[in-house]
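**Student:** Sequence:
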Amino acid sequence: MGRIELFHEWGSIQSHKVRLCLAELDLPWISRRVDLAAFANLQADFLAINPLGLVPALRFGDEIVTESSRINERLNDLASGGLLPTAPDVRQRVRAWTSVADNVVHPAVRPPTFNLILKVRVQRLPAGALDAAMDRHPIAARADAYREAATAPIDCPAIIRSIATMKQVLAEMDEALSQRRWLAAETYTLADVAMSAFIDRLDRLAMSTLLDAVPNVHAWATKIRNRPSFPLAKGPETERPDPLVDCALVERLIAAANS
Numbered sequence: 001m002g003r004i005e006l007f008h009e010w011g012s013i014q015s016h017k018v019r020l021c022l023a024e025l026d027l028p029w030i031s032r033r034v035d036l037a038a039f040a041n042l043q044a045d046f047l048a049i050n051p052l053g054l055v056p057a058l059r060f061g062d063e064i065v066t067e068s069s070r071i072n073e074r075l076n077d078l079a080s081g082g083l084l085p086t087a088p089d090v091r092q093r094v095r096a097w098t099s100v101a102d103n104v105v106h107p108a109v110r111p112p113t114f115n116l117i118l119k120v121r122v123q124r125l126p127a128g129a130l131d132a133a134m135d136r137h138p139i140a141a142r143a144d145a146y147r148e149a150a151t152a153p154i155d156c157p158a159i160i161r162s163i164a165t166m167k168q169v170l171a172e173m174d175e176a177l178s179q180r181r182w183l184a185a186e187t188y189t190l191a192d193v194a195m196s197a198f199i200d201r202l203d204r205l206a207m208s209t210l211l212d213a214v215p216n217v218h219a220w221a222t223k224i225r226n227r228p229s230f231p232l233a234k235g236p237e238t239e240r241p242d243p244l245v246d247c248a249l250v251e252r253l254i255a256a257a258n259s
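Per this note's numbering, the very first residue in the sequence shown carries number 1; after that it's consecutive.
Calculated from the structure, these hints are not laboratory results. Hints are supplied without guarantee of correctness; some may be wrong.
As the list claims (entries may be wrong) - Restricting the straight-line Cα-Cα distance to at most 30 Å, the calculated cross-link-like pairs of lysine-lysine (DSS-like) are:
(1) K223 x K234
(2) K167 x K119
(3) K234 x K167
(4) K119 x K234
(5) K223 x K167
Since we're looking at a predicted model, the values are computed, not measured.
Work out the full structure: start from the sequences and follow the hints.
**Tutor:** Following this line, the structure appears as structure tokens:
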């Protein structure tokens, strides 16, 4: 097998999904970190890998694959793995869940991640550091928009809306897990890989109490956390919840979402 290179960022939930898949398939890989805080994703060398400037991206010889779900299917093929069963009904369920991860979960985790972690990180920067970073941004209009968003007050209504979406996803997961051992089948699949990254993000955001209302997901998450792949995918920032998160504020926001 040729060399697998993963262009990723440790804090990216989409990158996390691919690292989980690599660990599950026991595939050796080379880490090519793309420092999003330094806008490395918008520099020419990375744009040659993915013109959209998005992580993750996979390079395997002369082949480049982008988008986490497509990458994970390609990795499963490379490893002749069993994470995407051949039965049409199971395969459809797997892809339905990976679509939920990409199109529902990923947008839902952005507001709490940005408000509860990234804004706090910006607030703690030395004087002038944010402006210096924005000066390195290759697109001035986007730099101005980021500066305005990063220095604005925490958007609690946006976080509450995200929590409501997460609760709906968890309810759908709970129903699926009432019917089978894993999300899409009786065996662990790419569906579980994709949604495992969601569980880790809940842990990081101090929102794992959302699992208390969904017992099937709670039991599934315990199994997920006990798999060898789970800690391997985290990278250097392993503390959960993230030390930047105001856990008391999160409790109040969850209560507001429940009211």
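**Student:** Do the alpha carbons of K119 and K234 lie within 30 Å of each other, as the hint requires?
**Tutor:** 21 Å, holds
**Student:** If you draw a straight line from the CA of K223 to the CA of K167, is it 30 Å or shorter?
**Tutor:** Judged against 30 Å, a Cα distance of about 20 Å means the pair holds.
**Student:** Need the status of pair K234, K167: alpha-carbon distance at most 30 Å?
**Tutor:** At roughly 23 Å apart (the allowed maximum being 30 Å), K167 and K234 satisfy the hint.
**Student:** Does K234 sit within 30 Å of K223, going by the straight-line distance between their CA atoms?
**Tutor:** 16 Å, holds
**Student:** So if I understand the rule, the pair passes when the alpha-carbon distance is 30 Å or less; does K167 with K119 pass?
**Tutor:** 24 Å, holds
Every hint from the earlier list agrees with this structure, and none is contradicted.
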